[in-house]
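Line by line, the protein sequences give chains A and B.
When you line the first sequence up against this note's numbering, it's residues 6 to 428, in that order.
When you line the second sequence up against this note's numbering, it's residues 6 to 428, in that order.
All the given hints hold, so there is nothing to weed out.
Pairs involving identical chains hold if they fit within one copy or between any two copies, as the list cannot separate such chains.
25 Å max Cα-Cα, derived DSS-like pairs, lysine-lysine: (1) K355 <-> K418; (2) K126 <-> K348; (3) K126 <-> K103; (4) K379 <-> K8; (5) K12 <-> K418; (6) K419 <-> K313; (7) K418 <-> K348; (8) K314 <-> K17; (9) K419 <-> K12.
What the hints contain is simulated information worked out from the structure, not anything from laboratory work.
Number of protein chains: 2
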Amino acid sequence: MIKLETKHAFLKENVKDYQESVDRLHQQLMNKECLGNDYVGWVEWPNTYDQEEFARIKQTAARMREMCDVFVVCGIGGSYLGARAAIEMINGLYANKKPEIIFIGNTFSSTYIAQVMEYIKDKEVCVNVISKSGTTTETSLAFRLLKQFMDEKYKEQAKERIVATTDKARGVLKAVADQEGYETFVIPDDIGGRYSVITPVGLLPIAVAGIDIDAIMSGLKKAYEDLADSDLDHNAAYAYAVCRRILQNQGYDVEMLVSYELQMSMIAEWWKQLFGESEGKEGKGILPDSATFSTDLHSLGQFVQEGKKVLFETILMIDRPTQDITFPSDAQNLDQMNYLSGKSVDWVNKMAAQGTLEAHVNTGGVPNLILTLKDMSAESFGYMCYFFFRACAMTVLLLDVNPFNQPGVEVYKKNMFRLLGKN
Amino acid sequence: MIKLETKHAFLKENVKDYQESVDRLHQQLMNKECLGNDYVGWVEWPNTYDQEEFARIKQTAARMREMCDVFVVCGIGGSYLGARAAIEMINGLYANKKPEIIFIGNTFSSTYIAQVMEYIKDKEVCVNVISKSGTTTETSLAFRLLKQFMDEKYKEQAKERIVATTDKARGVLKAVADQEGYETFVIPDDIGGRYSVITPVGLLPIAVAGIDIDAIMSGLKKAYEDLADSDLDHNAAYAYAVCRRILQNQGYDVEMLVSYELQMSMIAEWWKQLFGESEGKEGKGILPDSATFSTDLHSLGQFVQEGKKVLFETILMIDRPTQDITFPSDAQNLDQMNYLSGKSVDWVNKMAAQGTLEAHVNTGGVPNLILTLKDMSAESFGYMCYFFFRACAMTVLLLDVNPFNQPGVEVYKKNMFRLLGKN
Chain A
6 MIKLETKHAF LKENVKDYQE SVDRLHQQLM NKECLGNDYV GWVEWPNTYD QEEFARIKQT
66 AARMREMCDV FVVCGIGGSY LGARAAIEMI NGLYANKKPE IIFIGNTFSS TYIAQVMEYI
126 KDKEVCVNVI SKSGTTTETS LAFRLLKQFM DEKYKEQAKE RIVATTDKAR GVLKAVADQE
186 GYETFVIPDD IGGRYSVITP VGLLPIAVAG IDIDAIMSGL KKAYEDLADS DLDHNAAYAY
246 AVCRRILQNQ GYDVEMLVSY ELQMSMIAEW WKQLFGESEG KEGKGILPDS ATFSTDLHSL
306 GQFVQEGKKV LFETILMIDR PTQDITFPSD AQNLDQMNYL SGKSVDWVNK MAAQGTLEAH
366 VNTGGVPNLI LTLKDMSAES FGYMCYFFFR ACAMTVLLLD VNPFNQPGVE VYKKNMFRLL
426 GKN
Chain B
6 MIKLETKHAF LKENVKDYQE SVDRLHQQLM NKECLGNDYV GWVEWPNTYD QEEFARIKQT
66 AARMREMCDV FVVCGIGGSY LGARAAIEMI NGLYANKKPE IIFIGNTFSS TYIAQVMEYI
126 KDKEVCVNVI SKSGTTTETS LAFRLLKQFM DEKYKEQAKE RIVATTDKAR GVLKAVADQE
186 GYETFVIPDD IGGRYSVITP VGLLPIAVAG IDIDAIMSGL KKAYEDLADS DLDHNAAYAY
246 AVCRRILQNQ GYDVEMLVSY ELQMSMIAEW WKQLFGESEG KEGKGILPDS ATFSTDLHSL
306 GQFVQEGKKV LFETILMIDR PTQDITFPSD AQNLDQMNYL SGKSVDWVNK MAAQGTLEAH
366 VNTGGVPNLI LTLKDMSAES FGYMCYFFFR ACAMTVLLLD VNPFNQPGVE VYKKNMFRLL
426 GKN
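In isolation and in its complexed conformation, chain A is listed as follows (with noise of 0.2 Å):
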């Protein structure tokens, strides 16, 4: 379901050459012998995840579809991003909102958090809180907001109204959740947050939205089975790992992942987070950069195409769209645009993209990576999810850095705390 090809990538190096560390690597993956073998539960998890846990989560998003107008996701980072961008891609960006998925928690901005209440205050509202330990600030201080808001508009009834996706037993939310009998998912201990898409976390709001999370765990399925076998010639996650680490031998220190859908563009924020998170450690990594083409040809197109020579483009094509168009001809053509009359929009966006491929390629020099990806399709997300969590272990192991934590992400916090005053 994910097609990957490298002609035009410049590769210096020859993809195969890496078969021996990749294979070893893969083992210890599959094993749990790798580095940051605490955090591979998502590894197996299209085997393992918990199916009665499963359905109640299609039994609650049901419940909460019926009960509210705006359904308000509490969490930061993998916490809110792959939700997001789950529900963009698949939905698109204009479908019918009913109901309208907010999302809050993942900023400090007193004038955004105020802006959600205010948006939310006369509409029916239910709540998603999302924090393993419960004490992630961004997530607690709107939380309170929300929680305040909750009791006392809803009463008695706010809880039938507030699920808490937290640790199975312990830490501040589960506290609070058992208290006032808020219904609870669990984060599994072995998944980190840039892979919990697939897990409740992702799952429940996913659901609320009216997309069908069994084709998503399908599409995770399907990419478990296709990845199983470590070969190059037939994995194309770990290929793509591999011409990634090729890539920045060469020099290319900066990758851009491109899209020709603007509803792929969270996917992008989301892939981010689970590349740059992953790699960025021991002044190592390449930084993860992000466009949506046509339209930012006409922002970023020009220094791509003769700036300075410092990305990699990988092109993520969609093989279907959602929806096409059938372009309409006009009997004045005073618009000049009759050449294109009874062509399909998408066509005319795979032309635009091919053009490109050729003016940044051939013309700019500049490497270019293509996956294609079927379509927006639910099955398809999971399918990609699972398909990126191997490249990326593969590619980060390959550096030998340990591609399940992020010691960095704690030093503004620790900071961040002292200025509080937090004890």
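Add chain B to chain A, keeping to what the hints say.
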């Protein structure tokens, strides 16, 4: 209104050493003798803009606001980024949206276009199509669909609801507008797309969003006056321009523009076009990148803190938030957040910024420039635009590159037209 702090930037050259070059280039720019001097109409724009047309923009905007639920802006690049950035910055992301502003004509995505057309179907609609020549393919394609929709829905009245912003006399869009009897506004010949937010291109949609465009012009004028003197001790725009050059000399090829307000994220996109398209030529330039903190500290923070040292950060701080919240206390304090009770949420945001600065600079060794803007008002928006315009012109002229053309953008178009079979 904008302050620059450089003490966390690890500059290895003295900013003042550039004074002579800056003085010379400043004179060239003000006298229209610099590289690309055909496109410096924006320099004197705060004094020379057409007052009569400006008054007409306000009248038309008021009329449109009465008539529509949805105001559809059809344009790409500078013909959408500036207006969208301004509206989000000034109004926020969840402000009362009447009318709602929707952008189209900036993509070939058939799904996006189909969803927007479906979304507006039963609403009251007005349209602003924006293109200098009328031959921008993304915009022409969407506008043909919009025009057919409007003609069918409103018959003879459609022309009252469509406004064209285009060349004063020539081009395909001007011809359509004249034949159909649309009201038109002029895109000046000597102001390029990425500078056009201060012309009718940006001002009409911004005014339709209910924003005081007089305040924007007064901010623009204030910046013009503040930046009259090219002395680097006083001219923060030029000092910022020089710092960028010094940092690239030190090996930093990526600049990450960081804000702590989600509603500033489109400003970063607009800034990316301004700097990327102006500077990315002849194999030169700094790749413009962006992030919103503390949100993205939970995705890109790890890379900035500990990854490969390829970037410097430019922090765009907002001194006063549009709205603030006093954090409430809670009798039970189960969430352990009472240490913040009675504190302003904006103060917490500022402490997060301070803690992050210390983390990235002192621990991470990442150079940080800090720009502080008074607030997110219309006046500050105008001021900031002019500040970045002058900073951008200077930083690119210091590279001995023409800041005002974009030859590389044509390459993909030429290939695309061939593939589309356009004669």
